[in-house]
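Participant: Take the given structure of chain H and dock chain A to it, following the hints.
Top line first, the protein sequences correspond to chains H and A. According to the numbering used here, the first sequence is numbered sequentially starting from 1. According to the numbering used here, the second sequence is numbered sequentially starting from 1001.
Worth double-checking, as some hints may not be accurate.
Once the Cα atoms are required to be at most 30 angstroms apart in a straight line, the calculated BS3-like pairs of lysine-lysine come out as [unchecked claim]:
no., chain 1, residue 1, chain 2, residue 2
1, H, K58, H, K111
2, H, K57, A, K1071
3, H, K5, A, K1057
4, A, K1057, H, K57
5, A, K1009, H, K107
6, H, K71, H, K57
7, H, K42, H, K107
8, H, K42, A, K1071
9, H, K107, H, K5
Note that these hints are calculated values from the structure, not bench results.
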Amino acid sequence: QQQVKQSPQSLIVQKGGISIINCAYENTAFDYFPWYQQFPGKGPALLIAIRPDVSEKKEGRFTISFNKSAKQFSLHIMDSQPGDSATYFCAANMDSNYQLIWGAGTKLIIKP
Amino acid sequence: NAGVTQTPKFQVLKTGQSMTLQCAQDMNHNSMYWYRQDPGMGLRLIYYSASEGTTDKGEVPNGYNVSRLNKREFSLRLESAAPSQTSVYFCASIETGGPYEQYFGPGTRLTVT
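Just chain H, with the same shape it has in the complex:
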């Protein structure tokens, strides 16, 4: 019930294409769903986050789509660039608990 399942494990996309990473959760009490981006040799950093009261949130080329009934959320990177090559983690938590439950990560490679 506490798990967040992330797919795919790795993804290769051509420059200019759309990168899509998916996550699924079980615990309906989760109410905060962030995506973190991690470059090699660095710690993860918050990229974008969503609450379940909206179905989509967009920040620049990055969009989270949220499907509450299916208990799924996804990250879409439009016009993917080589600089987007990184590992992406989805996560979830409840406001009452400051622990994040993390997905296993997706290594994204954007080919020039």
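Facilitator: Same frame as chain H, now just chain A:
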């Protein structure tokens, strides 16, 4: 404003040796966390401290101890290192009361031989 700092950046230990990983944050955050990151397994929580003076076990606490020295500092100790503890260790902090963004340090790459 340095954010979250960690020392050392790299460390090699022999099996059975002990060491302490240091973490400090200058953002006046209440909650701090220690994670380990292994390939294909994402981030796993070792211990966390919701506030100064409190610590709690996370998902993988065995073989580790922690100390919340003050509001700024949260250390992780390996009393008797094992090869299974070879990993990259990240410290993070969060501003309680929202918006729940975790700020991460640069990590410590630990190898136990």
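Participant: Would you mind marking each hint as holding or not holding in the structure?
Facilitator: Hint by hint, here is what the structure shows:
1. Using a Cα cut-off of 30 angstroms, the hinted pair K58 (chain H) and K111 (chain H) holds, with the two alpha carbons roughly 24 angstroms apart.
2. A threshold of 30 angstroms between alpha carbons decides the hint, and for K57 (chain H) with K1071 (chain A) the separation of about 34 angstroms lies outside it, so the pair is violated.
3. For the proposed pair K5 (chain H) and K1057 (chain A), the alpha carbon gap of about 22 angstroms is at most 30 angstroms, so the pair holds.
4. Annotation: proposed proximity of K1057 (chain A) to K57 (chain H) is violated, straight-line Cα distance about 33 angstroms (limit 30 angstroms).
5. In summary, the hint linking K1009 (chain A) to K107 (chain H) is supported, as the alpha carbons are separated by about 23 angstroms, within the 30 angstroms threshold.
6. The hinted pair formed by K71 (chain H) and K57 (chain H) meets the criterion: a straight-line CA distance of about 16 angstroms does not exceed 30 angstroms.
7. For a cut-off of 30 angstroms, the pair hint linking K42 (chain H) to K107 (chain H) stands: about 14 angstroms separates their Cα positions.
8. Restraint check: the Cα-Cα separation between K42 (chain H) and K1071 (chain A) comes to about 24 angstroms, which is no more than 30 angstroms; the hinted pair holds.
9. About 15 angstroms separates the Cα atoms of K107 (chain H) and K5 (chain H), which keeps this hinted pair within 30 angstroms; it holds.
Consistency note: the structure conflicts with the earlier hints numbered 2, 4.
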